[in-house]
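Throw the hints in and build the complete structure from the sequences for me.
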Amino acid sequence: MPMQTDQHDRILRIKTVLERTGLSRSTMYRKMQNGTFPKNVQISERCAGWRESAVSDWLRNPMFYSVDDHRSG
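For the sequence shown, position 64 matches number 64 in my numbering, and the numbering has no gaps at all.
Everything labelled a hint here was simulated from the structure, so no lab data went into it. No experiment lies behind these values; they were computed from the predicted model shown. Glycine is no exception: its CB is placed at the ideal position from the N, C-alpha and C atoms. Check the hints yourself; a few may be wrong.
Unchecked claim - Restricting the straight-line Cα-Cα distance to at most 20 angstroms, the calculated cross-link-like pairs of lysine to aspartate or glutamate (EDC-like) are:
(1) 39 / 19
(2) 15 / 69
(3) 15 / 57
(4) 39 / 9
(5) 15 / 45
(6) 15 / 52
Claimed, not checked - If you anchor each label on the Cβ, the simulated ranges turn out as follows:
(7) 14 / 35: 25 to 33 angstroms
(8) 56 / 27: 15 to 23 angstroms
(9) 45 / 69: 12 to 20 angstroms
(10) 9 / 66: 14 to 22 angstroms
(11) 46 / 26: 15 to 23 angstroms
(12) 69 / 46: 14 to 22 angstroms
(13) 29 / 56: 17 to 25 angstroms
(14) 8 / 30: 28 to 36 angstroms
(15) 44 / 64: 27 to 35 angstroms
(16) 70 / 30: 16 to 24 angstroms
(17) 11 / 62: 15 to 23 angstroms
(18) 16 / 36: 14 to 22 angstroms
(19) 43 / 70: 15 to 23 angstroms
(20) 35 / 9: 17 to 25 angstroms
Laid out in structure tokens, this is it:
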């Protein structure tokens, strides 16, 4: 039986992620490098996005978020 959690996980583009988080682009990328913001996923050669579930997890607890705690399969 397939896992239900990944079936409805949308990919958000950068504009949407920045609007939801209130972060600037440079701050978001710095946090990604530090492992304190979800990593983006490559959609195509020149296109990336973020899993909505990962961004939601970050929004629930931004001060203590760690990529190591939220590995996606």
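Do the hints match the structure? See the list:
| no. | hint | in the structure |
| --- | --- | --- |
| 1 | 39 / 19 | 17 angstroms, holds |
| 2 | 15 / 69 | 25 angstroms, violated |
| 3 | 15 / 57 | 18 angstroms, holds |
| 4 | 39 / 9 | 15 angstroms, holds |
| 5 | 15 / 45 | 18 angstroms, holds |
| 6 | 15 / 52 | 13 angstroms, holds |
| 7 | 14 / 35: 25 to 33 angstroms | 19 angstroms, violated |
| 8 | 56 / 27: 15 to 23 angstroms | 18 angstroms, holds |
| 9 | 45 / 69: 12 to 20 angstroms | 30 angstroms, violated |
| 10 | 9 / 66: 14 to 22 angstroms | 19 angstroms, holds |
| 11 | 46 / 26: 15 to 23 angstroms | 20 angstroms, holds |
| 12 | 69 / 46: 14 to 22 angstroms | 30 angstroms, violated |
| 13 | 29 / 56: 17 to 25 angstroms | 19 angstroms, holds |
| 14 | 8 / 30: 28 to 36 angstroms | 30 angstroms, holds |
| 15 | 44 / 64: 27 to 35 angstroms | 33 angstroms, holds |
| 16 | 70 / 30: 16 to 24 angstroms | 18 angstroms, holds |
| 17 | 11 / 62: 15 to 23 angstroms | 20 angstroms, holds |
| 18 | 16 / 36: 14 to 22 angstroms | 20 angstroms, holds |
| 19 | 43 / 70: 15 to 23 angstroms | 20 angstroms, holds |
| 20 | 35 / 9: 17 to 25 angstroms | 20 angstroms, holds |
In summary, the numbered hints that this structure violates are 2, 7, 9 and 12.
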